Amino acid sequence: MLRLIGSPAAEQTPTKALPAVPGDPLRPLVARVISREAGAERTLLMAVGPAMLGVVRRVLGSNSPDLEDVCQESAIGLLTALPTFRAECSVLHFACRVALLTALATRRQRDRISRDDDSIDLDRFIDDQPSPAELVDATRRRQCLRRLLDELPLAQAEVLALHVMLGYTVEETGAMTNAPNNTVRSRLRRGLTALRDALADTLEPQVATGDCDE
Amino acid sequence: MSSPAEFRENLAVQARRGTLSPEQRRELEQLLATSAAARAAFVVGQDFDRADTVQPGDEALVERFVAGALRARKRRRAPFANPNRVVAWLLAASVFGFCGLALGLRGTWLYRLGLVQQAAAPALSREAPKAVAPRRVSIERRDEARAETTPTKDDNSVTPVSPRDRISVGVIHSTSKEVSPDPSASATSNAVETSTRAMSAAEPGANAEALFRQASEARRLGDTERAIALLRALQQTYPGSPEARISYVSLGKLYMSRGAAAPAADAFSAYLSGGGPLSEEALLGRAQALHALGRSIEERQTWQLLLARYPGSVYAVQARERIRALGGESLR
Chain A
21 MLRLIGSPAA
31 EQTPTKALPA
41 VPGDPLRPLV
51 ARVISREAGA
61 ERTLLMAVGP
71 AMLGVVRRVL
81 GSNSPDLEDV
91 CQESAIGLLT
101 ALPTFRAECS
111 VLHFACRVAL
121 LTALATRRQR
131 DRISRDDDSI
141 DLDRFIDDQP
151 SPAELVDATR
161 RRQCLRRLLD
171 ELPLAQAEVL
181 ALHVMLGYTV
191 EETGAMTNAP
201 NNTVRSRLRR
211 GLTALRDALA
221 DTLEPQVATG
231 DCDE
Chain B
45 MSSPAEFREN
55 LAVQARRGTL
65 SPEQRRELEQ
75 LLATSAAARA
85 AFVVGQDFDR
95 ADTVQPGDEA
105 LVERFVAGAL
115 RARKRRRAPF
125 ANPNRVVAWL
135 LAASVFGFCG
145 LALGLRGTWL
155 YRLGLVQQAA
165 APALSREAPK
175 AVAPRRVSIE
185 RRDEARAETT
195 PTKDDNSVTP
205 VSPRDRISVG
215 VIHSTSKEVS
225 PDPSASATSN
235 AVETSTRAMS
245 AAEPGANAEA
255 LFRQASEARR
265 LGDTERAIAL
275 LRALQQTYPG
285 SPEARISYVS
295 LGKLYMSRGA
305 AAPAADAFSA
315 YLSGGGPLSE
325 EALLGRAQAL
335 HALGRSIEER
345 QTWQLLLARY
355 PGSVYAVQAR
365 ERIRALGGES
375 LR
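So the sequence lines, in the order shown, correspond to chains A and B. Here this note's numbering is used: the first residue of the first sequence is 21, the next is one more, and so on. Here this note's numbering is used: the first residue of the second sequence is 45, the next is one more, and so on.
It should be emphasised that the hints constitute simulated quantities derived from the structure, not laboratory data. Hints may contain errors.
Unchecked claim - Covered stretches of chain A, going by a simulated chain B footprint (3 or more residues, C-beta under 8 Å):
1. 58-64
2. 71-81
3. 101-108
4. 179-185
5. 197-210
6. 215-222
The structure presented is a predicted model; accordingly, all values stated were derived computationally and were not measured. In this text, a Cβ means the ideal position worked out from N, Cα and C, and glycines have one as well.
Full structure from sequences and hints, please.
Below, the structure is given as C-alpha cells:
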C-alpha cells in the first residue's frame, strides 16, 4: 500500500470500503482522497502523474507548449471526477482516460495550426533507432492520427486513441469507457477505416502503410 | 474474463506488448496481409510506441503540474465545504450583523438627540411658540439632516487622503515588505549553508518541502550545481521526510544530465531500496546509468526487473529492445 506523502500517520485512518479488485494498489488511495485525507491527493497524483503525462504527450505531441497546462487540468479533472469513479477499471486507467479526454478537448478547442508540434529532435534517438527519413514518415503518420481525432465523433476518437495511440485491448477500452466490447469494436472498426482513408489521402502509399522501411 | 486474443483487434496490441505466441503471430500476419485498416492501426501504433515519450525533466514536470493542480483545487473548493469553515463564517456573519445593528441604533439615537436639541434651541429663543411649530421645524430640519447625512456617489468615490497619510501608508507597506519572509529572496542566495540554516528555523516538514521546492526551482533555472547541493542538504538534514525520498530520483536525473553516471546509479539505487511511487522512473534511470557505465549484466537485470514489475510500462518497448541488444530474454 502506498504511504501518503507528507502524512506519515495517515495510514492509521480507516478507509471507506470500495469494491476490492485485486492487483490495483491505488484503489484504497481513492477512498482516502474522497474522504479528504491529508496528503492523499498528492500521493495519488504523484503515482498516476507519469502515466497521465505520457497520455497527454502522445495526444498533443512531444514538444507542445500546452503540455504542462493540460496535465494540470487533467489532474484537477481526475480529482474532481474521483467521487464518480465506479471501480469498473483500474484507477490508473481511469486517470489515463481523464487525461485523454482533457487532451482531446484541448486539441478541439485550440487552433489547429499550433497543434502538431511534434518536431523531430534527432538528438533524442540513439544509434539503433530508425533512420531520419523513417522518423519523418512516422511523425507524419502520428500527426495524421492526431488530426483525425479532432474530426471524428468523440466516442470514436476516444476508442481509436485508446486502442491505437495508447495500446489498450478491446476489453480494457470497454472497461475504461463503460461500453460493451461489441460497441467498442464497432466504434473501432469505423475509426480504423477512417484512419486508413486519412493515411491514404494525406500520405504516399508507402508511407501510409509503413512499407518504405521494409 | 475473456483472454486478450479473443478479439482479432487485440493481436496488434499484444504484438506491441511483445506477448504474442507463435500461433498468434501467424494469425496477426494473416490479418495484416488481408486488412489495410488493421495494418494502418498496427503501423501507427508502433510509431507512437517508438517515439521517445519520456524526456529528461519529466519528473520535475510531474511535480510541477501536481503542485499546480493541488493549489488550484484548494482555491476552487467551495468555502462552505468544510464544516469548521461554516461555523467560522456564521460567527463572523453574526458578529458583523450585531455590530451593524449596534451602529444603526446608535446612529438613530444620535440623530434623534440632535433633532431634539436643534428643535429646542429656537423654541427657547422664542417667547410664545405654538404647539405645532416645533413639529414643522423638526420635519424641515429632518430633511436637511437627511440631505447632509445621505452619502452621494461623489462622496464615496472621492476620499481625500492627505499627502502625509499617503506617505505613512507607503512607509508601512515598505516596512512590512522588509519584515515579511520572502521565499524567493532566500532562493536567490547561492550558498547551501544559508538555505539550510534558514530552513532549520522553521518546522521540519515545511523545511524539507521548501528545500525541495528550491532545488526544483534551481533545476528549472538550469543551476544544476545548486540543485544537487540543495538535494544533498535535504537528504542529510531531513532523511526521513517524503521529499528526501523523492529527491533521490531527482538527484539521479541531475547527475545523469551532467554525465555523472556512477553517482546517478547510486541515487536511483538508494530510491529503489525503499521503493515508492517513482520506482518505475528510478528503474529506468538506473538502467540508463548502468548502460552509460557499461555494466551490462546489472543493466539487463534492471530492465528485466522493470518489465516484471511494470509490464504495461511506457518504457516496456525500450526495455525489451535493450534486453534484446544485451543478449537476454525479456520476461514478457
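### Task
Report holds or violated for chain B covering the region 58-64 of chain A, Cβ cut-off 8 Å, minimum 3 residues.
Check passed, 3 qualifying residues.
### Message
Please check whether the region 197-210 of chain A has three or more residues whose CB lies within less than 8 Å of a CB on chain B.
### Response
holds (count 4)
### Message
Count the residues of the region 71-81 of chain A whose Cβ falls closer than 8 Å to any Cβ of chain B, and tell me whether that reaches three.
### Response
Holds, because 5 residues of the region 71-81 of chain A bring their Cβ atoms closer than 8 Å to Cβ atoms of chain B.
### Task
Count the residues of the region 179-185 of chain A whose CB lies closer than 8 Å to any CB of chain B, then report whether that count reaches three.
holds (count 3)
### Message
Under 8 Å between beta-carbons, do enough residues of the region 101-108 of chain A, three at least, approach chain B for the coverage claim to hold?
### Response
n = 0 at 8 Å, threshold three: violated.
### Query
Given as covered by chain B, does the region 215-222 of chain A meet the bar of three residues or more with CB within less than 8 Å?
Held - the region 215-222 of chain A has 3 residues with a Cβ nearer than 8 Å to chain B, which meets the minimum of three.
Comparing the model with each numbered hint stated earlier shows that hint 3 is the single one that does not hold.
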